[in-house]
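Trainee: Make a model of the complete structure from these sequences and hints.
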Amino acid sequence: MFRKTLMAAAAVFALGNTAQAATEITWWHAMDGALGGVVDQITADFNASQSEYHLVAVNKGGYEDTMTAGIAAFRAKNQPNIIQIFDAGAATIINAKGAVKPVQDLLEENNVKFDINDYIPGVRYFYADSDGKMIGMPFNSSTPLLYYNKEALAKAGVDVPKTWEEFEAAAPKLKEAGYTALAQSHSPWIFFENFMSRHNLQMATANNGYDSTDVKILYNNDALKDHWQHVKDWKDAGYYGYYGRAWGANQDAFVQQQVAMWIGSSGSFGGLRKSAQFDFGTSTLPYWKGVGDAPKSTFIGGASLFAFSGHSAEQDAGVAAFFQFLTKPETQYYWHKETGYVPITNAAYELAKKDGYYKESPDAEVGILQLSEEGGEWTKGYRLGFYVQIREVIYREVDKIMNGEETVDAAFNTIEEEANGLLKRFNDTYSN
Numbered sequence: 003m004f005r006k007t008l009m010a011a012a013a014v015f016a017l018g019n020t021a022q023a024a025t026e027i028t029w030w031h032a033m034d035g036a037l038g039g040v041v042d043q044i045t046a047d048f049n050a051s052q053s054e055y056h057l058v059a060v061n062k063g064g065y066e067d068t069m070t071a072g073i074a075a076f077r078a079k080n081q082p083n084i085i086q087i088f089d090a091g092a093a094t095i096i097n098a099k100g101a102v103k104p105v106q107d108l109l110e111e112n113n114v115k116f117d118i119n120d121y122i123p124g125v126r127y128f129y130a131d132s133d134g135k136m137i138g139m140p141f142n143s144s145t146p147l148l149y150y151n152k153e154a155l156a157k158a159g160v161d162v163p164k165t166w167e168e169f170e171a172a173a174p175k176l177k178e179a180g181y182t183a184l185a186q187s188h189s190p191w192i193f194f195e196n197f198m199s200r201h202n203l204q205m206a207t208a209n210n211g212y213d214s215t216d217v218k219i220l221y222n223n224d225a226l227k228d229h230w231q232h233v234k235d236w237k238d239a240g241y242y243g244y245y246g247r248a249w250g251a252n253q254d255a256f257v258q259q260q261v262a263m264w265i266g267s268s269g270s271f272g273g274l275r276k277s278a279q280f281d282f283g284t285s286t287l288p289y290w291k292g293v294g295d296a297p298k299s300t301f302i303g304g305a306s307l308f309a310f311s312g313h314s315a316e317q318d319a320g321v322a323a324f325f326q327f328l329t330k331p332e333t334q335y336y337w338h339k340e341t342g343y344v345p346i347t348n349a350a351y352e353l354a355k356k357d358g359y360y361k362e363s364p365d366a367e368v369g370i371l372q373l374s375e376e377g378g379e380w381t382k383g384y385r386l387g388f389y390v391q392i393r394e395v396i397y398r399e400v401d402k403i404m405n406g407e408e409t410v411d412a413a414f415n416t417i418e419e420e421a422n423g424l425l426k427r428f429n430d431t432y433s434n
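Taking this note's numbering as reference, the numbering of the sequence shown is continuous, increasing by one, and the terminal residue is 434.
Treat the hints as calculated values from the structure; they're not laboratory data. Careful: at least some of the hints might be erroneous.
With beta-carbon atoms standing in for the labels, derived distance ranges [as the list claims (entries may be wrong)]:
#	residue 1	residue 2	range
1	281	26	42 to 50 angstroms
2	258	113	49 to 57 angstroms
3	281	100	37 to 45 angstroms
4	281	235	36 to 44 angstroms
5	214	74	21 to 29 angstroms
6	406	74	39 to 47 angstroms
With a straight-line Cα cutoff of 25 angstroms, these simulated PhoX-like cross-link-like pairs (lysine-lysine) come out [unchecked claim]:
#	residue 1	residue 2
7	62	218
8	276	291
9	298	227
10	115	103
Even glycine gets a Cβ: it sits at the ideal position worked out from N, Cα and C.
Mentor: Written out as C-alpha cells, the structure is:
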C-alpha cells in the first residue's frame, strides 16, 4: 500500500517546474546486488517526485573502495555531492578538515526542519560530533542480532538464550542434537565494539574518541578478554564454529543448518528470508550477567551519507532535498521492508507498526527494539581514526586465538599496541 502511495506522491510532485533544467547531484555508494536495486529505486522515486534536481547514484564497489574513491576525488577537487561512508571510516571523513558539510547545517540552511530527537535512539549520535550535532545522515543502519533455527532449538529442547550463561547451558544439548551451537560473522563489530556497548564499557579514551583524535584503545580489559577465552573454550568443545573472517562463510554455516544460531546483522534479515529453507527467528545480542552495566543498547553498524563540501548552493539545496525525501516515513518504511535495515526515524517506525508489518513479521522489529533499549554513558558510538586498519589487526589476532597460535592475553597485548600506534599516527596526521 505504502509503495503505491510513494509512487503516487512522486507523480504529483513531478508536475511542477518541468521547463527549467534540473540541477544534477551525484551519490557514490557501496550497495550492490539486491541492495543496489533498492538504492536505484529510491533514486528513481526521488527524481520522479520533483523536477528541480536529478540524482545520479553510482556504485563504487565495497565500503573501502567507495571511501578510497571519495578521498581521491576530494583531493582532485572532483568529489561527488554525497558519499556513503561506513562506520569504521567515519572518523577519517569527519576529521578531514573542510571535506564535508554537517548534515544538520545543510538541512537547516535550506529550511528543512531538523530535530535529532526525530531519529530512533540508537542512531541519533553515532555520526554526530561531541556536542551532539549530526554530521552524517544515517542510512543503512543495523545492529547485531542472534538468528536461530527454530527446529534445531526445539530438537535440543532449549530456549533462545538471552545471556551467555544461558548459551553455555544450551550449547551441549545442541551439540548432542547434531548442531554446532553458534557462529558469528564480524568479530570486531560484534564481539569487540558491541561487547563494549552491550555492557556499557568504555571503548576508548577521550569519550570514545568523540572529543579528540588524541586517544587510546581500551580493549585490553579483563571483561573482554574473559569473553574471548570463553569463545575459544566453546570452539574447543565443539560449541562454536569459526569459519574464518569472511562474513559469508559463517552465515552460510547457518543457512546450511550446520550451526543452530548465528550472530549477524539486522540488515541480513531480508536476505535470509530468501536464502534460508527453514523457519528461523531473531533475538537480541546476548550479554554476561554482572559484567559492566548490561544489558544496554548496542552500537549501530552499516553506513551514513555525507555531503561533500565544495559544491554550489544549488547543488547543496538538492542534497538537502534528497535527504528530506530519504527520511520521509514512506521512504524509510520501504527501505526497511526491502532490506532489513532499521528505519532511522520514529515516524517511519510508527508507520511500520500502524501498517501491521510487525504482526506479519515480528522478527523484523527486534533490531529496532534493541537499538531502543536503555542507553548508557558508552553506548552512543565511537569515533576512532584508522579504525579500518584496527579492525584488520583484530581479525588477524582473532585468527591466531582461534587457531591456537596465540593466547588471549598475547593477542590482546598486540591489539592494544598496534591499535594505539595507528591512533597515534592518525592524530599526528589530522590534529594539525
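Trainee: Determine for every hint whether it applies to the structure shown.
Mentor: Do the hints match the structure? See the list:
no.	hint	verdict
1	281 / 26: 42 to 50 angstroms	holds (47 angstroms)
2	258 / 113: 49 to 57 angstroms	holds (53 angstroms)
3	281 / 100: 37 to 45 angstroms	violated (52 angstroms)
4	281 / 235: 36 to 44 angstroms	violated (30 angstroms)
5	214 / 74: 21 to 29 angstroms	holds (27 angstroms)
6	406 / 74: 39 to 47 angstroms	holds (41 angstroms)
7	62 / 218	violated (32 angstroms)
8	276 / 291	violated (35 angstroms)
9	298 / 227	holds (19 angstroms)
10	115 / 103	holds (17 angstroms)
When the structure is compared with the earlier hints, violations turn up for hints 3, 4, 7, 8 and for no others.
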